[in-house]
Amino acid sequence: GESVGLHLPTLSVQEGDNSIINCAYSNSASDYFIWYKQESGKGPQFIIDIRSNMDKRQGQRVTVLLNKTVKHLSLQIAATQPGDSAVYFCAETYAGGTSYGKLTFGQGTILTVHP
Amino acid sequence: DAGVIQSPRHEVTEMGQEVTLRCKPISGHNSLFWYRQTMMRGLELLIYFNNNVPIDDSGMPEDRFSAKMPNASFSTLKIQPSEPRDSAVYFCASSLGLAGDQQYFGPGTRLTVT
Numbered sequence: 009g010e011s012v013g014l015h016l017p018t019l020s021v022q023e024g025d026n027s028i029i030n031c032a033y034s035n036s037a038s039d040y041f042i043w044y045k046q047e048s049g050k051g052p053q054f055i056i057d058i059r060s061n062m063d064k065r066q067g068q069r070v071t072v073l074l075n076k077t078v079k080h081l082s083l084q085i086a087a088t089q090p091g092d093s094a095v096y097f098c099a100e101t102y103a104g105g106t107s108y109g110k111l112t113f114g115q116g117t118i119l120t121v122h123p
Numbered sequence: 009d010a011g012v013i014q015s016p017r018h019e020v021t022e023m024g025q026e027v028t029l030r031c032k033p034i035s036g037h038n039s040l041f042w043y044r045q046t047m048m049r050g051l052e053l054l055i056y057f058n059n060n061v062p063i064d065d066s067g068m069p070e071d072r073f074s075a076k077m078p079n080a081s082f083s084t085l086k087i088q089p090s091e092p093r094d095s096a097v098y099f100c101a102s103s104l105g106l107a108g109d110q111q112y113f114g115p116g117t118r119l120t121v122t
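Order-wise, the sequence lines are chains D and X. Per the working numbering, the first sequence starts with residue 9, numbered consecutively. Per the working numbering, the second sequence starts with residue 9, numbered consecutively.
Only chain X is shown next, with the shape it has when bound in the complex (with noise of 0.2 Å):
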């Protein structure tokens, strides 16, 4: 089993610049979430997906940040223009349901905003 993949894997960008990230989650598993992890605030959850549809997007920072998800094995996190505090590890994470099913993290999105 492949887990969860993302990419890319390291992101360098200018401040300004559009940013996006991926995210395939483990096949059949019907829910996804978008966690960001900086030492400052720790991992905090930004939005999360059951069945392709976007259930909580309350830790969305701001309206430069939005996140889709097309079909069961794909998403994104977009970042529109980025900015230097926007500098973390970003994680997506897939269960098989959200009653209570453990989440499987990827490797991560460390992203640098300069």
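Isolated chain D (complex conformation) (with noise of 0.2 Å):
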């Protein structure tokens, strides 16, 4: 029979427009926080990280927002480019325990940037 695989978010854009990626985090415990992009046929590639300390990080065209209160995440990507379409995850983990160091992967979305 035909496999059933994940149903991924999916967010297309027009170059040059803002993107947001958004990702609900399951572990309250979770301090550290991390994005990755993913092209066709590569490994996951760092994009940017936060802290539990913080709220807020920008980087070159990207920002995460972190809201602890509703375990949320969010990756801001301005003036998006076509180079910019992939599938972008987002990880949590926490400093504590048996799973120290250890990532929790989202499921992904799949970022399309038309020309």
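Treat the hints with care, since some could be wrong.
Unchecked claim - With a straight-line cut-off of 27 Å between C-alpha atoms, the simulated DSS-like cross-links for lysine-lysine are:
no., chain 1, residue 1, chain 2, residue 2
1, D, LYS64, D, LYS110
2, D, LYS45, D, LYS110
3, D, LYS79, D, LYS64
4, X, LYS32, X, LYS86
5, X, LYS86, D, LYS50
6, X, LYS76, X, LYS86
7, D, LYS79, D, LYS45
8, D, LYS64, X, LYS32
9, D, LYS76, D, LYS110
10, D, LYS76, D, LYS45
11, X, LYS32, D, LYS79
12, X, LYS76, D, LYS76
13, D, LYS110, X, LYS32
14, D, LYS110, X, LYS76
15, D, LYS64, D, LYS45
16, D, LYS110, D, LYS50
17, D, LYS110, D, LYS79
18, D, LYS64, D, LYS76
19, X, LYS32, X, LYS76
20, X, LYS32, D, LYS45
Unchecked claim - Quick list of the computed label-pair ranges, beta carbon to beta carbon:
no., chain 1, residue 1, chain 2, residue 2, range
21, D, ASN26, X, GLN25, 25 to 35 Å
22, D, GLY49, X, GLU22, 16 to 26 Å
23, X, MET48, D, ASN30, 15 to 25 Å
24, X, GLN110, D, THR77, 17 to 27 Å
25, X, GLN110, D, ASN26, 16 to 26 Å
26, X, PRO89, D, THR120, 37 to 47 Å
Think of the hints as simulated: they come from the structure by calculation, not from any bench. This one's a predicted model, so the numbers in the text were calculated from it and none came from an experiment. Note that CB positions come from ideal geometry on N, CA and C, so glycine has one too.
Using the supplied hints, reconstruct the complex from the two chains, each of which is provided in its own coordinate frame.
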């Protein structure tokens, strides 16, 4: 029979627009969060990270926002370019117990940028 | 810097055969992670090592899977015997340590078991 895969959220934007990708994380004890970008046929690539003592961090064209109250993480990409088209994953971890250093990845969001 | 190196990049094998995936972490990194990515389950952590010692192998699916890290510059993930449901992309990643350190991923090995 036909296999059923994950139905990843998708986001389509025009080149030059700003993109916002959202992620809900599960563990209220998580204290370190990372966004990864994965292009077709490649491994995930680090974009930006944030620790739980911060609520915002900016990089080059990217900003990560953390809302611990509602366990929500977002990635904002300014002036989105066709080269930004990829699957974006959020990941969480916490420095405690036997899970120390273990990243838990979200299911991913497919970003498509149209020229 | 060469980054994380994985071999082979593609592997096609028949059900029942032994498969060995290899990984060379970034020099100086003390932690190494093996992940599996499928359409059904997304990206899953299988096992990770710190200073060549396995820390958490709770993600290893079953006894057919085993991983070793004999030294700081080499790790293997072995599947014996392989089954069609093991078909996936297997990633290796390394980081300086564990405490909130960025993980650098290799290009992956695409395994197909027929």
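Here is how each hint holds up against the structure:
1. LYS64(D) to LYS110(D): 23 Å, holds
2. LYS45(D) to LYS110(D): Roughly 18 Å separates the two Cα atoms, so the pair holds.
3. LYS79(D) to LYS64(D): 14 Å, holds
4. LYS32(X) to LYS86(X): With Cα atoms ~15 Å apart, LYS32(X) and LYS86(X) stay inside 27 Å; holds.
5. LYS86(X) to LYS50(D): Status holds; Cα separation ~22 Å.
6. LYS76(X) to LYS86(X): Roughly 8 Å separates the two Cα atoms, so the pair holds.
7. LYS79(D) to LYS45(D): OK: LYS79(D) and LYS45(D) at ~21 Å, within 27 Å.
8. LYS64(D) to LYS32(X): 34 Å, violated
9. LYS76(D) to LYS110(D): 19 Å, holds
10. LYS76(D) to LYS45(D): 22 Å, holds
11. LYS32(X) to LYS79(D): 35 Å, violated
12. LYS76(X) to LYS76(D): Violated, because 37 Å separates the two Cα atoms, which is more than 27 Å.
13. LYS110(D) to LYS32(X): 20 Å, holds
14. LYS110(D) to LYS76(X): 18 Å, holds
15. LYS64(D) to LYS45(D): 19 Å, holds
16. LYS110(D) to LYS50(D): Roughly 21 Å between the alpha carbons, so the hint for LYS110(D) and LYS50(D) holds.
17. LYS110(D) to LYS79(D): Distance ~18 Å between LYS110(D) and LYS79(D) Cα, so the pair holds.
18. LYS64(D) to LYS76(D): Roughly 11 Å between the alpha carbons, so the hint for LYS64(D) and LYS76(D) holds.
19. LYS32(X) to LYS76(X): With Cα atoms ~12 Å apart, LYS32(X) and LYS76(X) stay inside 27 Å; holds.
20. LYS32(X) to LYS45(D): 22 Å, holds
21. ASN26(D) to GLN25(X): 25 to 35 Å: 49 Å Cβ-Cβ, so the 25 to 35 Å window is violated.
22. GLY49(D) to GLU22(X): 16 to 26 Å: Once the Cβ atoms are compared, 24 Å apart, the range 16 to 26 Å for GLU22(X) and GLY49(D) holds.
23. MET48(X) to ASN30(D): 15 to 25 Å: At 23 Å between Cβs, range holds.
24. GLN110(X) to THR77(D): 17 to 27 Å: 26 Å, holds
25. GLN110(X) to ASN26(D): 16 to 26 Å: The hinted range 16 to 26 Å holds for GLN110(X) and ASN26(D), with Cβ atoms some 25 Å apart.
26. PRO89(X) to THR120(D): 37 to 47 Å: Since PRO89(X) and THR120(D) have Cβ atoms about 40 Å apart, the given range 37 to 47 Å holds.
In the structure shown, a violation is registered for the earlier hints numbered 8, 11, 12, 21, in ascending order.
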